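Protein chains in written order, with the numbering used here: chain B, 1 to 304; chain H, 1 to 304; chain D, 1 to 304; chain L, 1 to 304.
Wrong hints could be hidden among the right ones.
[As the list claims (entries may be wrong)] Straight line, CA to CA, 25 angstroms or less: simulated SDA-like cross-link-like pairs of lysine to any residue:
| # | chain 1 | residue 1 | chain 2 | residue 2 |
| --- | --- | --- | --- | --- |
| 1 | D | Lys20 | L | Glu175 |
| 2 | L | Lys164 | D | Glu175 |
| 3 | D | Lys214 | H | Leu299 |
| 4 | D | Lys164 | L | Ser82 |
| 5 | D | Lys300 | H | Leu215 |
| 6 | D | Lys281 | H | Phe81 |
[Stated by the list, open to error] Residues on chain D that point at chain H, a partial pick, calculated with CB under 10 angstroms:
| # | residue |
| --- | --- |
| 7 | Phe138 |
| 8 | Ile229 |
| 9 | Met234 |
| 10 | Asp241 |
| 11 | Ala247 |
| 12 | Pro267 |
For the record, the hints were derived by calculation from the structure and aren't laboratory data. None of the values given here were measured: they were computed from a predicted structure. Each residue gets a CB set at the ideal place from its N, CA and C atoms; glycine is no exception.
Number of protein chains: 4
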Amino acid sequence: MTELLLHMIEKHKKVTEEGKVANYIPELSKANPTDLGIYVLDNDGNEFFAGDYDKKFTVQSISKVVSLMLAILDNGEELVFSKVGMDPSGDPFNSIRKLETSSRRKPYNPMINAGAIVVSSMIKGVDVKDKFNRLLDFFKLITEDPTLDLNSRVYLSETETGNKNRSMGYFLKSENIIVGNVEEVLEIYFKQCSIDVTTKTIARLGLFLANEGKLSTGEEIITPRITRIVKTLMVTCGMYDSSGEFAVRVGLPSKSGVGGGIVSVIPHKMGIGVYSPSLDKKGNPIAGISLLEDLCNELKCRIF
Amino acid sequence: MTELLLHMIEKHKKVTEEGKVANYIPELSKANPTDLGIYVLDNDGNEFFAGDYDKKFTVQSISKVVSLMLAILDNGEELVFSKVGMDPSGDPFNSIRKLETSSRRKPYNPMINAGAIVVSSMIKGVDVKDKFNRLLDFFKLITEDPTLDLNSRVYLSETETGNKNRSMGYFLKSENIIVGNVEEVLEIYFKQCSIDVTTKTIARLGLFLANEGKLSTGEEIITPRITRIVKTLMVTCGMYDSSGEFAVRVGLPSKSGVGGGIVSVIPHKMGIGVYSPSLDKKGNPIAGISLLEDLCNELKCRIF
Amino acid sequence: MTELLLHMIEKHKKVTEEGKVANYIPELSKANPTDLGIYVLDNDGNEFFAGDYDKKFTVQSISKVVSLMLAILDNGEELVFSKVGMDPSGDPFNSIRKLETSSRRKPYNPMINAGAIVVSSMIKGVDVKDKFNRLLDFFKLITEDPTLDLNSRVYLSETETGNKNRSMGYFLKSENIIVGNVEEVLEIYFKQCSIDVTTKTIARLGLFLANEGKLSTGEEIITPRITRIVKTLMVTCGMYDSSGEFAVRVGLPSKSGVGGGIVSVIPHKMGIGVYSPSLDKKGNPIAGISLLEDLCNELKCRIF
Amino acid sequence: MTELLLHMIEKHKKVTEEGKVANYIPELSKANPTDLGIYVLDNDGNEFFAGDYDKKFTVQSISKVVSLMLAILDNGEELVFSKVGMDPSGDPFNSIRKLETSSRRKPYNPMINAGAIVVSSMIKGVDVKDKFNRLLDFFKLITEDPTLDLNSRVYLSETETGNKNRSMGYFLKSENIIVGNVEEVLEIYFKQCSIDVTTKTIARLGLFLANEGKLSTGEEIITPRITRIVKTLMVTCGMYDSSGEFAVRVGLPSKSGVGGGIVSVIPHKMGIGVYSPSLDKKGNPIAGISLLEDLCNELKCRIF
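With the rest of the complex left out, here is chain B (with noise of 0.2 angstroms):
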């Protein structure tokens, strides 16, 4: 396994050259577009890794995943999807004409940014620090990582360069789908966006979505159903607007974040974290994506 990996990553590594690094965020530019690394982690508590595996990059969309099941802990399914749907809506990951155009106004579903701002405003706390700090407390519990943090010059970033997500968030408030304070749910979105991780936390992620929300110890965290919702939208909705074509080609539970980072879930065997920060237009990692898809040839672990 190590050695497929190690011939992946070294296959795959010019792929990196036809995308570039995201540069709406000045942090984020400062990327190495020609990083990729691989980590995969299985049931038996076997780790294999290649490449770049131990750089450290921001978690970005990744977060939406956590955020929706804490989320849902806190509020339970059914409150959580009367204000966000859980369907595709065929648009970029920003767009904010669905929310105006739909007979339904909340958002299509959790993984766009309109519909992750919803979940990250029902996050419970007696304040907006509390409140992340649940967020951060309950990524660490179930990437079994307590070394998690914020990257506070992302973080400073995302909030100067926002104005999209400010945009929606307004939009989100006068439509009363957002109830509180729309800069500190953005606070709470912005700083979630930014916590550091590496692709051993992201492949700590998948397993624990494969292992149907049990930590390694067999404790379980969440019901195997959120879990299974959570995978159901990372199948239809978790690459953006290319979620269709990526699930014909790699056919895994997924999420990618513009950070470079992808998580992907062989249900009941693998979590795996990539790291990739080349991007393709449409904001997937474009080497991680090849590689994943190679990956999948070989394991023949695809769920279709």
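Given chain B, put chains H, D and L in place with the hints provided.
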């Protein structure tokens, strides 16, 4: 003429029952729905009025006409229209979708909220207070009414409930169409909407436009070309997305506000101010429009 | 006046180089891009002309003005405007999206293709041949030009390439806005667009509107109210989605066609016909517009 | 298993009252709204069924799965997906707007009407009759049901009422995505939707996909890769714009039709056919979905 106006008020008073007072801003909902008043000023210095002509109401969207003139004076026609278009949008006044779906990201015209917010962002001044004061002073100058002032309760109400406008502001900021601080721009915008006027103030604004930018003293404040731009935009976009129907029915450059006001211009002849807080479904004063249609039939003053 | 026109033609001839001839219909692409001609008729029976005033071209969208008048005569204003709106759409002339996304499924106005197809479906007659002949006869009557006839090559070309119009026709049929046979409705529509005219024909159409529906003999063919509706729609929607900018620049009720024609109306005074087959990006005659703007500055004939 | 199915039919029968039979095609409105039937086929040759399992109904949109496989066989994957996408659209199945507003003019996926019409245009044959016969023969082959035939009354009904599909066809023609004669393409499309089936036919289609393109004899008709593409598209887009919610609730590759049918695939194990003509607001069989959700809970067969 006075008799005609008295007759008109009486005749159209019952139309007020077909609409309802704006309720999205709590303060506006306190208006008396059956109020109906009119003020007509002509070039010879005659003044005619009837009904609730001396009630105070906030100018709301009629202020878009005033801020547009000042923004062109401050920045020149070219710069202003590089940031906002001249074309009808076909969408409701508070719509955001065109900002995203259109190939040109700038708002369609200065009469819809998004466009007017951009215009407000271009008023010059050392700080936000100075900018608003310059706008208020300009409004006083062209309406020859030194008593104009802010209605603080309405302004507070606007600020608290203006999240859709806030959403647009941040969207325009993210597209670099607004360059300054969004909250400051919105402060100016909300304040300009919250200036108290009477039908006489509004009629004076109409006469100023009818006289191609000249005061009653003959002094030219803005060029005929700027007034032509403003009057044209009033015809094509002044009554929100029912501007086309209004142009057929009334046929005068006009601008409405959700406070119940309408300013109408009979080129080279008259300025008309109407107050009619009961609104139709598109946000236009319902009895004010039927009154103006009837009056135009009598006066044979249509421009078409 | 003749000298002024000659000077104008010479001055704006070079503007033709900035556009290009319509090529979506093969026959139209055969026009000479540098052609530029004008014809002016006034109420005293004077005729002025210059440039390529006697070239034949197909009337194209200018026919929408003619069919609208006949449809109102045939069906009454109320019925016609129950099936087509009076408001600018803010979208390109051949756009279909608003038919679906708008709460009102009817086309926004009779000047965009979808609206004009609905109007054509309302022309009365025993069969499709009779309907078109009635339209052609009406066109001959109001332009006092008995020589008007169909350009069969252009008609054939329209039919073969008109699939977007066909798409709209079937959409409108599915919404029950068109009640008859779609192919027959399109036959009328494509034929009305394919009538050959010269600038003189078009100037006569303008004068007919300027005189509120009266022929040169003084005979009233349609009511002033119908001409007012038509002229208003020309101002707000006559130049596709640049109607707003045109209204500022030229300020006369006008309608363009992709064949290169423009009809303009100086109320109570003149009718103007322009031929300028080189089009701008929105499908309007590029040199024709700049010529009209210049001419209006000279004649001081703006309605605003 | 048979007992389980009988119990399920009885339990979910009352859900049929919450929906209603399709009425946009007169023939479809004749179905009995309380009908509910199911057929299950497994790899060992076992057959289980209950309820109205032997009622005939037209296959409608489930045929999109069949035509897609044949079109890929005829043209290759690359050519097919150059004309139709692989991504969910987020809009209703008969929506036209995305064809215009999207930067890519091709339909989002082969499961919405616009995409399926493009797919039908790619079926090979010497003439329209041959093309449809090839499609029918292929359908017979993979369902091992030589009795399949066209329901002429439904086909006639489809042709007469299919103007929205006709509208899409001409739009796609105008964009050069469809190259042939639109009426012929629609004939194939309307006919493929009008093939009579029973739940058994549909269950066989499901088993064929479950077995990665193999008949019960073991003969491989299409490659596993093609079936994977089809199954993935069924998950992400198979239940119109409620595909996301369905994936959470049921979690099996499935495709519904307005005739009341649903095909579901349990990979490597079973094919399921359901008949439930009472539809929910999005056009999906309402009792069929609740029955499948319940059954999947019992069988623990979800892919997520």
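Do the hints match the structure? See the list:
no., hint, verdict
1, D:Lys20 - L:Glu175, "21 angstroms, holds"
2, L:Lys164 - D:Glu175, "8 angstroms, holds"
3, D:Lys214 - H:Leu299, "22 angstroms, holds"
4, D:Lys164 - L:Ser82, "21 angstroms, holds"
5, D:Lys300 - H:Leu215, "22 angstroms, holds"
6, D:Lys281 - H:Phe81, "18 angstroms, holds"
7, Phe138, "21 angstroms, violated"
8, Ile229, "5 angstroms, holds"
9, Met234, "9 angstroms, holds"
10, Asp241, "6 angstroms, holds"
11, Ala247, "5 angstroms, holds"
12, Pro267, "7 angstroms, holds"
The structure does not agree with numbered hint 7 stated previously, though it agrees with all others.
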